[in-house]
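Colleague: Spelled out, the chains give:
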Amino acid sequence: MTAMSGQDSVAAPPSRLAAALSAHGLAVLFIGPAILLVVLVSIYPVFDAMSLSLYATKYAEKAGFVGLKNYIDLAHNPVVWHAGVNSLVYTIGSLLLVLPFSLGVALLLNRQSKMQGVLRTVAILPWVVSQTVTALLWAWLLNADFGPVTYGIDAIGGVRTAILASPTWAMVALVGINVWSSYPQATLLMLAALQTIPRDLYEAAYIDGAGPITSFLYVTIPLIRSTLLVVVIQLTLLYFNMVTLVYVFTGGGPLASTETLALLVLKISFESWNLGQGAALGLIVTVINLVFSLFYIRTLGRPKG
Amino acid sequence: MNGKAARSVGTIFFVLAALGVAALALFPLLWGLTTSLKPADQILAYPPLWVPNPPTLQSFREVWQQSNLPIYFRNSIIVTSASVIFALVLSVHAAYGLARFSFRGKAALMVGLLATSMIPGVAILVPLYNLAVHTGLYDKRLGMIIVYTAWNVPTLVWLLKGFFESIPAELEEAALVDGCSRLRAFYLIVLPMSRPGLLAGSIMAIMFVWNDFLIGFTLAISEQRRLLPVGLFTYISNYGVEWGQLMAATVIALLPIVIAFFLLQRFLVQGLMSGAVKG
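Here the protein sequences line up with chains A and B, keeping their order.
Using the numbering used here, the first residue of the first sequence is number 1, and each one after it goes up by one.
Using the numbering used here, the first residue of the second sequence is number 1001, and each one after it goes up by one.
Hints may be right or wrong, so weigh each one.
Unchecked claim - Below, a list of computed lysine to any residue pairs in the SDA-like style, where the Cα atoms sit at most 25 Å apart:
#  : chain 1 : residue 1 : chain 2 : residue 2
1  : A       : K267      : B       : I1236
2  : A       : K114      : B       : F1027
3  : B       : K1106     : A       : A27
4  : A       : K267      : B       : F1233
5  : A       : K267      : B       : K1004
6  : A       : K267      : B       : T1135
7  : B       : K1140     : A       : F270
8  : A       : K114      : B       : R1007
9  : B       : K1004     : A       : Q112
10 : A       : K58       : B       : H1134
11 : B       : K1106     : A       : H24
12 : B       : K1106     : A       : Q112
13 : B       : K1004     : A       : Y59
14 : A       : K114      : B       : F1013
15 : B       : K1140     : A       : Q112
16 : A       : K58       : B       : T1135
17 : B       : K1106     : A       : F47
18 : A       : K114      : B       : G1136
19 : A       : K267      : B       : G1136
No lab work stands behind these hints, which were simulated from the structure alone.
Please take these sequences and the hints and turn them into a complete structure.
Modeller: Take a look at the structure:
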């Protein structure tokens, strides 16, 4: 810092060149360290993963070049395909529930009322709760012996179920707690978009004889379309890459019924310690991320009609 | 139905829906809280007891005195504060540089930064683990701090660049004319004016680091270096679960972040929205 301010004063008499040079130096000094760190911790590992994925590994060390063997093994492994299907079910199921729900909450929060401030704080509270804590809280709520949700089902339906012991219901519960944990961020983005819509538009629609449903469909939705696109992209990637919630809540079970691709990356790498194959699957997940983003931008990102 | 009746039906619907959302958001948290305050014999009751009678801090005492929770808590505090401070210092400078200087490739740099924040964390855990082992940073707080710092930089730079650009450059130019150096103008004029942006960035970064599980899980192994989320996870995987103690530990883990959220939520919403506008 002192060196820089020194350079500033040396630049007298201020020629244009010296000023440009000193500004340039300052820019490098300001921007450089952040970029360097990101390159080292986020970009270099991607290339390292590419290289690692072509090797057999032993105790975190490369044990011999094997070409595409890790990828071929993954492609021939039914566990991987099963996890891929689970990832799709988890991602699409969560999206289908969370989009209408978070939009509904956003509409509630957009209404003028005295409770608005308190309601907003309470409604977005699950956002603060980590995936670890969310999974633990809900595991206790759904506990087969003492959980209040289990009791509720028992009291209404007369069956005492071990939800997390059933492959189907474990996935349903997982999607449900994922919705609980992630709707607030969607709601906040949608609320921000709703607040930019001028009131006169609704008044104009009302005068033209539009009811609440018509004005929702023809005023609200078109005007928050681009935000909806952002939300859908963000959530798809969030869900597809989600590891912690699944790992803590079900560990992928029962019978691998909730084992997703992202979770499989963690398990292959740090439970089976097959780092080469873990790196390969991690890269496949990254490529699927890219495909999702491009697909959404191409199909939904067209100029607003 | 006349307008007035329709309006009151709307109000009733609104109140019911609002109560429903509030109940859904709060119920799991309240259930965790009441469990943590129950005497041991009331935790395992069926039908469940809703209110502890009498409430007791027994579970909190046990988990704080008889487990390593205080160590995890301390580690999380150290790692979170260090990485958030480092990330802010780096990002503030980078964002200012990107907001005020023009050079070739700037737009590409910004897009590149955004792209790195879209690399799924789980995909680079293995290389990061290797890197940590080979640099001697495995099972060290510093290793985790470095990764968390780096992972926060791209979002913070984008957020703060927007804030700096919204501050008129004329203010700094006036200061420069008055003989103030570029650096002084930045630290004494621009930074104080960006307080809302700094607070928004801080709370987002704090939430991310405090809540993250994966880095603590892969880059540390010993009890002495364990972070809170990993500690909570090992409670349920290692022993038969003591739900009272686990919920007490959960409440302790939630407390700092909920307090930070209440204090800073105004800025958080603002920050998220300013990020959202730019897409």
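Colleague: So, for every hint listed, does it hold in this structure?
Modeller: Each hint, compared with the structure:
no., hint, in the structure
1, A/K267 - B/I1236, "18 Å, holds"
2, A/K114 - B/F1027, "23 Å, holds"
3, B/K1106 - A/A27, "11 Å, holds"
4, A/K267 - B/F1233, "15 Å, holds"
5, A/K267 - B/K1004, "60 Å, violated"
6, A/K267 - B/T1135, "24 Å, holds"
7, B/K1140 - A/F270, "18 Å, holds"
8, A/K114 - B/R1007, "16 Å, holds"
9, B/K1004 - A/Q112, "17 Å, holds"
10, A/K58 - B/H1134, "15 Å, holds"
11, B/K1106 - A/H24, "13 Å, holds"
12, B/K1106 - A/Q112, "42 Å, violated"
13, B/K1004 - A/Y59, "74 Å, violated"
14, A/K114 - B/F1013, "15 Å, holds"
15, B/K1140 - A/Q112, "50 Å, violated"
16, A/K58 - B/T1135, "18 Å, holds"
17, B/K1106 - A/F47, "23 Å, holds"
18, A/K114 - B/G1136, "56 Å, violated"
19, A/K267 - B/G1136, "24 Å, holds"
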